[in-house]
Amino acid sequence: MANKVEHRLSDKQMEALTDLPLVFLITHDQSTSWPITHAISWVHAKDETTIRFAIEADSLIVKTLTDHPIFTLIFFADQSTYSLTCTDVKPFETTESLPLKVALYEGELKEVRDILFYGAAVSERPRVHKTYDEAAAVRLDHQIHTILKS
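Just so you know, we're using the UniProt record's numbering here: the sequence shown kicks off at 1 and counts up by one.
Read the hints as simulated data drawn from the structure, not as lab findings. Cβ atoms here follow ideal geometry from the backbone N, Cα and C, with glycine treated the same way. Do not rely on the hints blindly, as some may be mistaken.
To be verified - DMTMM-like cross-link-like pairs, simulated, lysine to aspartate or glutamate; straight-line CA separation at most 20 Å: (1) Lys4 <-> Asp133; (2) Lys90 <-> Glu56; (3) Lys149 <-> Glu15; (4) Lys12 <-> Glu124; (5) Lys101 <-> Asp133; (6) Lys90 <-> Glu48; (7) Lys63 <-> Glu108; (8) Lys4 <-> Asp114; (9) Lys149 <-> Glu96; (10) Lys149 <-> Glu56; (11) Lys4 <-> Asp78; (12) Lys90 <-> Glu124; (13) Lys4 <-> Glu108; (14) Lys149 <-> Glu124; (15) Lys101 <-> Glu134; (16) Lys12 <-> Glu48; (17) Lys12 <-> Asp47; (18) Lys149 <-> Asp29; (19) Lys110 <-> Glu56; (20) Lys110 <-> Asp67; (21) Lys4 <-> Glu111; (22) Lys12 <-> Asp114; (23) Lys110 <-> Asp47; (24) Lys90 <-> Asp29; (25) Lys130 <-> Asp141.
As the list claims (entries may be wrong) - Restraint ranges, calculated between C-beta atoms of paired labels, are given here: (26) Leu100 <-> Val5: 34 to 40 Å; (27) Val138 <-> Ser10: 25 to 31 Å; (28) His129 <-> Thr32: 29 to 35 Å; (29) Leu60 <-> Glu15: 25 to 31 Å; (30) Tyr118 <-> Glu93: 41 to 47 Å; (31) Thr66 <-> His129: 28 to 34 Å; (32) Trp34 <-> Lys101: 21 to 27 Å.
Hey, can you work out the whole structure from these sequences and the hints?
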């Protein structure tokens, strides 16, 4: 499927973007004209064309999205690697009380591309193991995931 462009997520791609996966978020820093890449896991496919994510409120991503409201996510699903690009990125609010200040965003999916090189398959999706207070991490992940799904 390399180089094939889709305009919505498949069921398997949506499933891969609903269980706190490791994804790479790419934004564009207007001041340097550089891409900015971050590894995140607070992401959720609200539906086949809407992607939501959360980041720490003091992240450089907040400024880059304000200046240039477009992002790309690199993620793993269905034995491949995909790039999805969203535009019309907007922050959204929650009334939930969280122990960490987060910024919440939602974007409209414009395209999804299979970017894995020809003749390869991803045998396992990467998993992240939290290295701080595991119980606190589970609580925070659950709170943020609930907000992203709402």
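Results of checking the hints against the structure:
For the given pair, Lys4 sits about 42 Å from Asp133 by alpha-carbon distance, which is inconsistent with the 20 Å threshold. Note on Lys90 and Glu56: the hinted pairing holds, with a Cα-Cα distance of about 16 Å set against a maximum of 20 Å. This hinted pair checks out: Lys149 and Glu15 have alpha carbons roughly 13 Å apart, not beyond 20 Å. A C-alpha spacing of about 14 Å is found between Lys12 and Glu124, which places the hinted pair at or below 20 Å, so the restraint holds.
The suggested pairing of Lys101 with Asp133 holds, with an alpha-carbon distance near 18 Å, which does not exceed 20 Å. A C-alpha spacing of about 17 Å is found between Lys90 and Glu48, which places the hinted pair at or below 20 Å, so the restraint holds. Proposed proximity of Lys63 and Glu108 is supported: the alpha carbons are some 19 Å apart, at most 20 Å. The hinted pair formed by Lys4 and Asp114 meets the criterion: a straight-line CA distance of about 7 Å does not exceed 20 Å.
With a C-alpha separation of about 13 Å, the suggested pairing of Lys149 with Glu96 holds against the 20 Å cut-off. Proximity of Lys149 to Glu56 is assessed by CA-CA distance (about 18 Å); at most 20 Å being required, the pair is judged to hold. Among the hinted pairs, Lys4 with Asp78 is consistent with the structure: their alpha-carbon atoms are about 15 Å apart, no more than 20 Å. Under the criterion of a C-alpha separation no larger than 20 Å, the hint pairing Lys90 with Glu124 is inconsistent with the structure, at around 32 Å.
Note on Lys4 and Glu108: the hinted pairing holds, with a Cα-Cα distance of about 19 Å set against a maximum of 20 Å. Restraint check for Lys149 and Glu124: the C-alpha separation of about 25 Å exceeds 20 Å, so the hint is violated. Between Lys101 and Glu134 the CA atoms are separated by roughly 19 Å; this keeps the pair inside 20 Å, and the hint holds. Distance restraint check for Lys12 and Glu48: the Cα-Cα separation of roughly 11 Å lies within the 20 Å cut-off, and the hinted pair is therefore satisfied.
With a CA separation close to 12 Å, the supplied pair Lys12 and Asp47 stays within the 20 Å bound. Our distance criterion of 20 Å between C-alpha atoms is broken by Lys149 and Asp29, whose separation comes to about 28 Å. Proposed proximity of Lys110 and Glu56 is contradicted: the alpha carbons are some 25 Å apart, above 20 Å. About 19 Å separates the Cα atoms of Lys110 and Asp67, which keeps this hinted pair within 20 Å; it holds.
Taken as a hint, the Lys4 and Glu111 pair is honoured in the structure, with Cα atoms around 10 Å apart against an allowance of 20 Å. Restraint check: the Cα-Cα separation between Lys12 and Asp114 comes to about 13 Å, which is no more than 20 Å; the hinted pair holds. Annotation: proposed proximity of Lys110 to Asp47 holds, straight-line Cα distance about 13 Å (limit 20 Å). Only pairs whose Cα atoms come within 20 Å are accepted, and Lys90 paired with Asp29 is accepted, the gap being roughly 17 Å.
Between the alpha carbons of Lys130 and Asp141 the distance comes to roughly 11 Å, so the proposed pair stays at or under 20 Å and holds. Separated by about 36 Å at the C-beta atoms, Leu100 and Val5 satisfy the suggested range of 34 to 40 Å. Judged by the Cβ atoms, the range 25 to 31 Å given for Val138 and Ser10 holds: they are separated by roughly 29 Å. Checked against the given bound of 29 to 35 Å, the beta carbons of His129 and Thr32, roughly 33 Å apart, stay inside it.
Between Leu60 and Glu15 the beta carbons are some 30 Å apart, a value that agrees with the proposed interval 25 to 31 Å. Tyr118 and Glu93 have their C-beta atoms about 44 Å apart, which keeps the hinted 41 to 47 Å range intact. The beta-carbon spacing between Thr66 and His129, approximately 32 Å, falls within the hinted interval of 28 to 34 Å. Trp34 and Lys101 have their C-beta atoms about 25 Å apart, which keeps the hinted 21 to 27 Å range intact.
Consistency with the previously given hints fails for numbers 1, 12, 14, 18, 19, ordered from lowest to highest.
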